[in-house]
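The primary structure of each chain is shown beneath.
Number of protein chains: 2
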Amino acid sequence: MTLVNHCFRLASRPVGLPRRSDWTYGAEPVREPGEGEILVEVLYISLDPAMRGWMNEGKSYVPPVEIGAVMRAYGAGRVLSSRHPGSAPGDLVTGAFGVQEYATFPGKGVTKVDPRLAPLPVYLSVLGPTGMTAYFGLLDTGQLKAGDTVVVSSAAGAVGMVVGQIAKLKGCRAVGIAGGPRKCRFIVEELGFDAAIDYRAEDVKEALRRHCPQGLDIYFDNVGGDILDAALTRLARGARVVICGAVSQYNRTEPVQGPANYLALLVQRASMKGMVVLDYADRFAEAAREMAGWMAAGKLRSREDIVGGLETFPDALLKLFRGENRGKLLLAVARARAEGPAG
Amino acid sequence: MTLVNHCFRLASRPVGLPRRSDWTYGAEPVREPGEGEILVEVLYISLDPAMRGWMNEGKSYVPPVEIGAVMRAYGAGRVLSSRHPGSAPGDLVTGAFGVQEYATFPGKGVTKVDPRLAPLPVYLSVLGPTGMTAYFGLLDTGQLKAGDTVVVSSAAGAVGMVVGQIAKLKGCRAVGIAGGPRKCRFIVEELGFDAAIDYRAEDVKEALRRHCPQGLDIYFDNVGGDILDAALTRLARGARVVICGAVSQYNRTEPVQGPANYLALLVQRASMKGMVVLDYADRFAEAAREMAGWMAAGKLRSREDIVGGLETFPDALLKLFRGENRGKLLLAVARARAEGPAG
Numbered sequence: 004m005t006l007v008n009h010c011f012r013l014a015s016r017p018v019g020l021p022r023r024s025d026w027t028y029g030a031e032p033v034r035e036p037g038e039g040e041i042l043v044e045v046l047y048i049s050l051d052p053a054m055r056g057w058m059n060e061g062k063s064y065v066p067p068v069e070i071g072a073v074m075r076a077y078g079a080g081r082v083l084s085s086r087h088p089g090s091a092p093g094d095l096v097t098g099a100f101g102v103q104e105y106a107t108f109p110g111k112g113v114t115k116v117d118p119r120l121a122p123l124p125v126y127l128s129v130l131g132p133t134g135m136t137a138y139f140g141l142l143d144t145g146q147l148k149a150g151d152t153v154v155v156s157s158a159a160g161a162v163g164m165v166v167g168q169i170a171k172l173k174g175c176r177a178v179g180i181a182g183g184p185r186k187c188r189f190i191v192e193e194l195g196f197d198a199a200i201d202y203r204a205e206d207v208k209e210a211l212r213r214h215c216p217q218g219l220d221i222y223f224d225n226v227g228g229d230i231l232d233a234a235l236t237r238l239a240r241g242a243r244v245v246i247c248g249a250v251s252q253y254n255r256t257e258p259v260q261g262p263a264n265y266l267a268l269l270v271q272r273a274s275m276k277g278m279v280v281l282d283y284a285d286r287f288a289e290a291a292r293e294m295a296g297w298m299a300a301g302k303l304r305s306r307e308d309i310v311g312g313l314e315t316f317p318d319a320l321l322k323l324f325r326g327e328n329r330g331k332l333l334l335a336v337a338r339a340r341a342e343g344p345a346g
Numbered sequence: 004m005t006l007v008n009h010c011f012r013l014a015s016r017p018v019g020l021p022r023r024s025d026w027t028y029g030a031e032p033v034r035e036p037g038e039g040e041i042l043v044e045v046l047y048i049s050l051d052p053a054m055r056g057w058m059n060e061g062k063s064y065v066p067p068v069e070i071g072a073v074m075r076a077y078g079a080g081r082v083l084s085s086r087h088p089g090s091a092p093g094d095l096v097t098g099a100f101g102v103q104e105y106a107t108f109p110g111k112g113v114t115k116v117d118p119r120l121a122p123l124p125v126y127l128s129v130l131g132p133t134g135m136t137a138y139f140g141l142l143d144t145g146q147l148k149a150g151d152t153v154v155v156s157s158a159a160g161a162v163g164m165v166v167g168q169i170a171k172l173k174g175c176r177a178v179g180i181a182g183g184p185r186k187c188r189f190i191v192e193e194l195g196f197d198a199a200i201d202y203r204a205e206d207v208k209e210a211l212r213r214h215c216p217q218g219l220d221i222y223f224d225n226v227g228g229d230i231l232d233a234a235l236t237r238l239a240r241g242a243r244v245v246i247c248g249a250v251s252q253y254n255r256t257e258p259v260q261g262p263a264n265y266l267a268l269l270v271q272r273a274s275m276k277g278m279v280v281l282d283y284a285d286r287f288a289e290a291a292r293e294m295a296g297w298m299a300a301g302k303l304r305s306r307e308d309i310v311g312g313l314e315t316f317p318d319a320l321l322k323l324f325r326g327e328n329r330g331k332l333l334l335a336v337a338r339a340r341a342e343g344p345a346g
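Here the protein sequences line up with chains Y and W, keeping their order.
Numbering of the first sequence is given in my numbering, commencing with residue 4 and proceeding in unit increments.
Numbering of the second sequence is given in my numbering, commencing with residue 4 and proceeding in unit increments.
To be clear, the hints were calculated from the coordinates, so they are not data collected in a lab.
Just a few of them, taken from the derived set where beta-carbon distance is under 8 Å, the chain W residues facing chain Y: (1) TYR64; (2) ALA249; (3) VAL259; (4) ALA263; (5) LEU268; (6) LEU269; (7) GLN271; (8) SER274; (9) ASP282.
So the derived label-pair ranges between C-beta atoms look like this: (10) Y:ASN59 with W:ARG23: 42 to 52 Å; (11) Y:ARG286 with W:ASP282: 24 to 34 Å; (12) W:ASP318 with Y:LEU20: 47 to 57 Å; (13) W:GLY61 with Y:ALA14: 43 to 53 Å; (14) W:ARG185 with Y:ASN59: 40 to 50 Å; (15) W:ASP282 with Y:ASP143: 19 to 29 Å; (16) Y:LYS62 with W:PRO66: 36 to 46 Å; (17) W:ALA284 with Y:ARG255: 38 to 48 Å.
A quick note: this is a predicted structure, and the numbers were derived from the prediction, not measured.
Quick reminder that beta carbons are idealized off the backbone N, C-alpha and C, glycines included.
My request is simple: use the sequences and hints to build the entire structure.
Listed below in C-alpha cells is the structure:
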C-alpha cells in the first residue's frame, strides 16, 4: 500500500496577512525512510505566530521557508516505520514535521515523548516549544526574582499563559494583558493570574498603573506595538523587557512600529532583550521534567485550543492574528482525512 | 564688597529647540555661604545634551529644573570661601553649580580636583561625567570584551570620543559615526579609531556592513533615530546596545521615533540597555584614577571645545544639537565678565 501525503507547500511570500493562495495544497506519495530516517504520521500541528516570519524572505533566526517547500511547522505524531536505532514503530514523537500528514524525517531530529506523563497535545504546549519559551524567557532572559511584578501580553496565548503561571509559582505578581472578557476571566479564574487587563476595553497604560503601582519588574512581550509602548511607560527601576515576539507587527505592510518610549530604558536603567527558544535546546529535557512535575502537582495547567483538520490550515493560522485562540492553538490533522477534500 | 552673580534662570519649558527667551538672564547679589556651605567662583560650565531633558516637565532620572530656578549644569570652579571642613579657599572643585558665575553650594556636594594631574577643563571631560559615562557605559552596561567590534554614534562628542578610545585600549575594533569630514578625520587621525562613518555623506547601513563585516558586538548610542535603526540591522549574535542618549530626538515636537528595527534584538539574541552615570558615583574616583593613568601614558586623549562667555549660554548649548562641537563642549564663564553685557 502506498500512503498518500497531503501537504501545504509555500507558493508565494505573503504581503500582509497570508492568504490561502500563498500555499498550494496537494497530495503526493509518501517517501519511504532512508538510512537514519523514520516515517511519522503527524497527528497534531503546532500553529505559532512565528510561522508568519518564516514565510518572509531574508535573514532571521532561522532561514525562510523556500518557495515550493512544505510549510515549516512543529508537530507531534506516531512513528510508522523506522530506520533509525532511536525510534521504533508506535513511538510518539515531536519534531519540525511541517504542515503535512506524513513526514519522512531524520530520526535524530525528533524527541520521544511519554503519553503516560501527559497527553500528546501537551507536548506541543506547556511541555513543548511554547512552554519552553515561557520558562527560559522568564527565568533566563528575564532573570525572574521572587517578589517581581510580571506583566505579559498575549496572556491567554500559548506562551503567555505559562509565563503568568510560572511567575505565580515563583512567588511573583502576575498581570496578563489579553483581548476580551473571556480570555481575561480565563487567565484569572482558571490560571490564577492576579489581574487581567482587557486591551480591547481598557486604557492599558492606566490599567497598568492601577494593577502595578510599584511598576513592572518584568514585561514579557509577545505583541509589540502600542502595548509594548504602554508597558515601557510603567517600568520599575532595573526592569527587564523580554522580547519574545511581536504578533501585532508580523502582518503589517508598513514598517514595524518601533517602541517610541524606548528611552524609558535609560530613565529606568532597564534592559530589553530578545530570546529564541532554540538556544536552550540542550536544556529542554530538564525544563520539561520540572514543568511536568508542576503539572502533576496541580500547580501548572496546560490549555490547548485544538482545531482541524489539515486542510483548514490557512484559516486556522489566522486565528492567531485575529486573537481567537485561548491557550495553545493546535491543528488536529485527522479530521482532514476523515472529512476534508483530501479524504 | 558685595559680589554680583549673573545667572540664567529657567523661564519657560521649551517646545522644540530651546530659545533664549526660555531663560531669564539676570544679576543678583551673591548669597554668603551658611554653615556647611562654600562659595564657588564658576570657571567652566559643562554643556550637555541631557540639559535639554532637564528642561521638560515630568518624571525622568532626575527631577526637572523648576521654572524660576537657576538652570542646572555641571561645572568646575575655585572655592572663594568655605564654611565646610572639606574645602578651603583656592581649592578647585567640580559640582552641579548651575549656569551662573558664583554658586553658594553644599560643601559635601563637590569633588576636589588636582590641577597638577590634568587641566581643569579635563575634569569636565574625560575625567568628568562624560568620561565616566563612556567608561561605565562601555565596561559595565556594554560588558566590553577584547576582540569586540564597537560602534559609537556622536563619536566626536564628549562621550563618543572616550568610548572609541577605551575600546581601542581594551583590544577592540572601534568605529565611530560622526557628521562631516573634519570630525571623521579627528576621530581616526587624532584619537585612533579604526574607521569613521560620515552620516551626512554616507549610507550608514552600507558603511557599517563594510567596516564591520562580522557585525556589531556593541553599539553605543548617543543619538537615536535613523542611526540607531541602521545599527540594529547590523548587530552580531549576542550584541549589546547601550542606550546613553538620543540627541536626535530631544528637540522633536512630534513623538520620539522608536527603533523600528528593534526585533533585531530577538533575531540576534541581543540586548538594549539604558544607563545613567549617576548610578556609578561611588566608583568615579577609581575610574578617574584609571583614566588619568591612561592619559599620562599617552593612551587616552581629552579634547575640549571651549566657548564663552556666560551670556552666550543659550546659543552655545545649541551647538550640541547642531553638531558643531568636537570633543567636550564647555562654556568658559570668564569671557562674560570681561566682555559681555554683565561686565
